[in-house]
Structures are given as C-alpha cells and as structure tokens.
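Dock chain B against the given chain A, drawing on the hints supplied.
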Amino acid sequence: DAGVTQSPTHLIKTRGQHVTLRCSPISGHKSVSWYQQVLGQGPQFIFQYYEKEERGRGNFPDRFSARQFPNYSSELNVNALLLGDSALYLCASSAYGGSGNTIYFGEGSWLTVV
Amino acid sequence: QKEVEQDPGPLSVPEGAIVSLNCTYSNSAFQYFMWYRQYSRKGPELLMYTYSSGNKEDGRFTAQVDKSSKYISLFIRDSQPSDSATYLCAQRLVGNEKLTFGTGTRLTIIP
Numbered sequence: 001d002a003g004v005t006q007s008p009t010h011l012i013k014t015r016g017q018h019v020t021l022r023c024s025p026i027s028g029h030k031s032v033s034w035y036q037q038v039l040g041q042g043p044q045f046i047f048q049y050y051e052k053e054e055r056g057r058g059n060f061p062d063r064f065s066a067r068q069f070p071n072y073s074s075e076l077n078v079n080a081l082l083l084g085d086s087a088l089y090l091c092a093s094s095a096y097g098g099s100g101n102t103i104y105f106g107e108g109s110w111l112t113v114v
Numbered sequence: 001q002k003e004v005e006q007d008p009g010p011l012s013v014p015e016g017a018i019v020s021l022n023c024t025y026s027n028s029a030f031q032y033f034m035w036y037r038q039y040s041r042k043g044p045e046l047l048m049y050t051y052s053s054g055n056k057e058d059g060r061f062t063a064q065v066d067k068s069s070k071y072i073s074l075f076i077r078d079s080q081p082s083d084s085a086t087y088l089c090a091q092r093l094v095g096n097e098k099l100t101f102g103t104g105t106r107l108t109i110i111p
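First to last, the sequence lines map onto chains A and B. Just so we're aligned: the first sequence equals residues 1 to 114 in my numbering. Just so we're aligned: the second sequence equals residues 1 to 111 in my numbering.
Rather than coming from a laboratory, the hints here were simulated on the basis of the structure. All figures in this text were calculated on a predicted structure; none of them were measured in a lab. Idealized CB from N, CA, C, for every residue including glycine. One or more of the hints may lead you astray.
[Stated by the list, open to error] Using 25 Å as the maximum straight-line C-alpha spacing, the simulated DSS-like pairs for lysine-lysine come out as follows:
| no. | chain 1 | residue 1 | chain 2 | residue 2 |
| --- | --- | --- | --- | --- |
| 1 | A | K30 | B | K98 |
| 2 | B | K42 | A | K13 |
| 3 | A | K52 | B | K98 |
| 4 | A | K30 | B | K42 |
| 5 | B | K98 | B | K2 |
[Stated by the list, open to error] If you want the footprint, here are the derived chain B segments under chain A, 3+ residues with CB under 8 Å:
| no. | segment |
| --- | --- |
| 6 | 44-54 |
| 7 | 102-109 |
For reference, chain A alone in the conformation it holds in the complex:
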C-alpha cells in the first residue's frame, strides 16, 4: 500500500511568490496535518484537517492556508514567500478513529525561497 505521498519533492521560489504543496494521505485515512521543519529543528505543527474541516491551527501567519478535498487529499498554500519560509514541509495522515491512532508522515516537500 502507498504511504503518504507529497508533491513536489523539491522546488525553488522567489521572495513574494506563492507556492502550493500537495498531499495524498494513506488510503482510508481521513485526517491530514501539515508541519514545517526548518533545518536543525523538529517539525512545527501548521494545520490539521479532518473531513474537509480545519480542526487545528498552529502559530503561523495568515499567509499560510490549507484545505482538504472530498477524497481527503490536501493542499498547503503559502503566499508572499519570505526567505524564512525555506524548510521541509511535511504532510501526515491518520485514521482519526480514536485513541492510539498512529500518525504517519510523508517524505516532505523541500522549499527553497531565494
């Protein structure tokens, strides 16, 4: 079975541009979360979506937005890119079925802002 898949794997953008990152969860998983991992740091929670509704939001500016589609895939959008947005963006999925559900991560999308 396919794991969490993310695209693109690498991309380079210029300051001020916009970027869209995509994620497909594990088949049967209805919850998708997004994390930002800056080099040398642990992942930081950005958003969680379940059944197309936002269920959690981390401490990130309004330039960051996300959505979840009926097939449970998700997009993360970042507007007005800053150099500090350069990071590994990770998508995670879970079944969200109750206590102990495991959260699985994808390989991430490497974003470089120049």
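Below, chain B without anything else, positioned relative to chain A:
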C-alpha cells in the same frame, strides 16, 4: 520555556553500544509519547508509541515514560550503523492530532 526539550547532539557511539536518548517536557497533560527516526532529507518514521507511563519494548528498541518527572527515554541495544539518523521525540494530548516535537538528536553509530 519550550514545551519539549531535547539535546540536539550530535551523539557518536561505537557499533554495538547501548544508546540512550532523552527528552523532557513541561505540559503534564501530554498522554501519548512517540519516538520518530528521521534519515537525512527524509520524512520522520514512527519507531515507538507509548500511552501514559511505563516501558515498551520492540526488538532492539525500548521506550520509557516517567510522567512524574516528565522524562521520556529511548534505548537502542546493539546499535548498528543503520541506526545513524536524527531521533525526534514527540508528544500529543488525548483526542488531539497535534504533535509537539523536540529538536531532535543527531546520532552517528561508528563501525
């Protein structure tokens, strides 16, 4: 104060040694404790998942949670060069999907 503190290392040990990795946390409401392994330029991979206090063993890996001291540990026995990676501790609340990670400890096993 960060919610989760983890020594970033780097930590280098000889092959076959026992490795001890640790985290402390400040939020006593955390109930689920995890260890993820992350190879260079890859996504985190779940190693161990523990609910509340106690020990859990899986092969060469043992996870310990001491909620009274807010301290979690991961032990790796008979360490192998393939264990060289960054190890991330993470915590979450009951009914909450948000994971709170430590900084990660970079581990190198020397053949």
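Taking each numbered hint in turn, which are not upheld by the structure, reported in ascending numerical order?
No hint contradicted; all consistent.
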